[in-house]
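Asks: Heads up: the protein sequence lines correspond to chains Y and W, in order.
Counting from 1, position 242 in the first sequence corresponds to residue 242 in my numbering; the numbering is continuous, with no gaps.
Counting from 1, position 38 in the second sequence corresponds to residue 38 in my numbering; the numbering is continuous, with no gaps.
Treat the hints with care, as some may be off.
Unchecked claim - Chain Y side only, calculated, beta carbon under 8 Å to chain W, not exhaustive:
1. Q37
2. L268
3. Q279
Claimed, not checked - Stretch by stretch, here's where chain W covers chain Y in the computed footprint (C-beta under 8 Å, at least three residues):
4. 17-30
5. 40-51
Said to hold, decoys possible - In silico negatives: residues of chain W with every beta carbon more than 12 Å from chain Y:
6. P11
7. A13
8. R38
9. L64
10. L69
11. L79
12. W84
13. M89
14. L90
To be clear, the hints were calculated from the coordinates, so they are not data collected in a lab.
Beta carbons: idealized from backbone N, C-alpha and C, even for Gly.
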Amino acid sequence: MNKWGDNKAWFLVIPVLVFVAFSAIIPLMTVINYSLQDILAPGKALFVGTEWYKKVLHDYRLHDALWRQFLFSALVLLIEMPLGILIALAMPKKGWGISFSLVTLALPLLIPWNTIGTIWMIFVRPDIGLFGAAINNLGVAFDHTRRPLDAWVTVILMEVWHWTPLVALLAYAGLRAIPEVYYQAAKIDGASSWKTFYYIQLPKMRGVLTIALLLRFMDSFLIYAEPFVLTGGGPGNTTTFLSIYLVKIAVLQMDLGPGGAFSLIYFLIVLLLSFIFYQVLQRVGKGEKV
Amino acid sequence: MTLEWMYWTLPTAIFCIAIFLALTGMTIWQTVSPSVERRGFLPIPTTPGDRLFIGLVSALYIQLAWLGLTDLSLWIALLVGVGWIVAVMLWG
Numbered sequence: 001m002n003k004w005g006d007n008k009a010w011f012l013v014i015p016v017l018v019f020v021a022f023s024a025i026i027p028l029m030t031v032i033n034y035s036l037q038d039i040l041a042p043g044k045a046l047f048v049g050t051e052w053y054k055k056v057l058h059d060y061r062l063h064d065a066l067w068r069q070f071l072f073s074a075l076v077l078l079i080e081m082p083l084g085i086l087i088a089l090a091m092p093k094k095g096w097g098i099s100f101s102l103v104t105l106a107l108p109l110l111i112p113w114n115t116i117g118t119i120w121m122i123f124v125r126p127d128i129g130l131f132g133a134a135i136n137n138l139g140v141a142f143d144h145t146r147r148p149l150d151a152w153v154t155v156i157l158m159e160v161w162h163w164t165p166l167v168a169l170l171a172y173a174g175l176r177a178i179p180e181v182y183y184q185a186a187k188i189d190g191a192s193s194w195k196t197f198y199y200i201q202l203p204k205m206r207g208v209l210t211i212a213l214l215l216r217f218m219d220s221f222l223i224y225a226e227p228f229v230l231t232g233g234g235p236g237n238t239t240t241f242l243s244i245y246l247v248k249i250a251v252l253q254m255d256l257g258p259g260g261a262f263s264l265i266y267f268l269i270v271l272l273l274s275f276i277f278y279q280v281l282q283r284v285g286k287g288e289k290v
Numbered sequence: 001m002t003l004e005w006m007y008w009t010l011p012t013a014i015f016c017i018a019i020f021l022a023l024t025g026m027t028i029w030q031t032v033s034p035s036v037e038r039r040g041f042l043p044i045p046t047t048p049g050d051r052l053f054i055g056l057v058s059a060l061y062i063q064l065a066w067l068g069l070t071d072l073s074l075w076i077a078l079l080v081g082v083g084w085i086v087a088v089m090l091w092g
């Protein structure tokens, strides 16, 4: 066997490597350089070592944003996963209803993310918004621009509305893949709907639900556009998630050094999560226990 | 085209060149002698490339934790990190 000849295909990967170098590696190296210097003016920088990392790691607003981010992801998953499964279970199994429900469910997924924020910003406005004005007229004081709890409720509702369809579609695909004989066997054994769900449907959906869970965790952890448009991170900093706080530091305040250090720490968190994501997916693919 | 906009410094250049050389070295090693997955003290089966990645990234976490939680010299963290990478590469 010609070992070198077999590896010639690697040359075909070179265009991708060049593209990745320009789109990711060179910017990443620039961020590493920024994170160790105080950029005083264009072309003028002072080496400060790990000073920015120390500053960022001791920044209580970053800690708050990180915990907020985890809380947000946890809440979103706690709502979206069961709701998505319920929707999938309720979807029609045959007839024209299948296409209708699939198209209806897919609609929120097709809307650009910043447009979602704009839609919800208008929808929940306490003076003219369909939801905001209606709930205020019912006597419940609701204002997402002033009350932190209302802002959180709005951001979570928006996220659930936007992304539950993805969970539902994946769960539905998992359900449709279960052979009919399993249901027939359960029927012969006199299994209740709950037992059929618990012992047949849920185990058979394990693979797709793991993918849905991991995808939703990653997406919710990186969320930026929707809450930025909707609340701008407010009121105060109560909906300032990691990415919003990063943009505040690096773009609005033009603190390139701390921004670079923050970016790299954020990158390392995402890298760790992505690695776990990849490992779990590999195991699910091989049919191993997660 | 100059690279002034990237604000290179000697330490960052050494860091990036070291990572680049490690990755290139691993690629050449992988091409010359294709690796086999094995299981060590890490909970997953790994190739030498996986172990280098895990070692490098976890060494960075060690540095960050050191920086955030202690006031001790970072040189100690560097030694711990290098020791950890060697341990992962040999027995991971």
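Asks: Run every hint past the structure and note whether it holds.
Replies: Hint by hint, here is what the structure shows:
1. Q37: holds, 6 Å
2. L268: holds, 6 Å
3. Q279: holds, 6 Å
4. 17-30: holds (count 3)
5. 40-51: holds (count 4)
6. P11: violated, 7 Å
7. A13: Its Cβ does come within 12 Å of chain Y, the nearest being 9 Å, so this is violated.
8. R38: holds, 16 Å
9. L64: Incorrect as stated: the minimum Cβ-Cβ distance to chain Y is 7 Å, not above 12 Å.
10. L69: violated, 9 Å
11. L79: Non-interface label stands for L79 (chain W): nearest chain Y Cβ at 16 Å, farther than 12 Å.
12. W84: holds, 15 Å
13. M89: The claim holds: M89 (chain W) sits with its nearest Cβ about 17 Å from chain Y, beyond 12 Å.
14. L90: holds, 21 Å
When held up to the earlier numbered hints, the structure conflicts with 6, 7, 9, 10 and fits the remainder.
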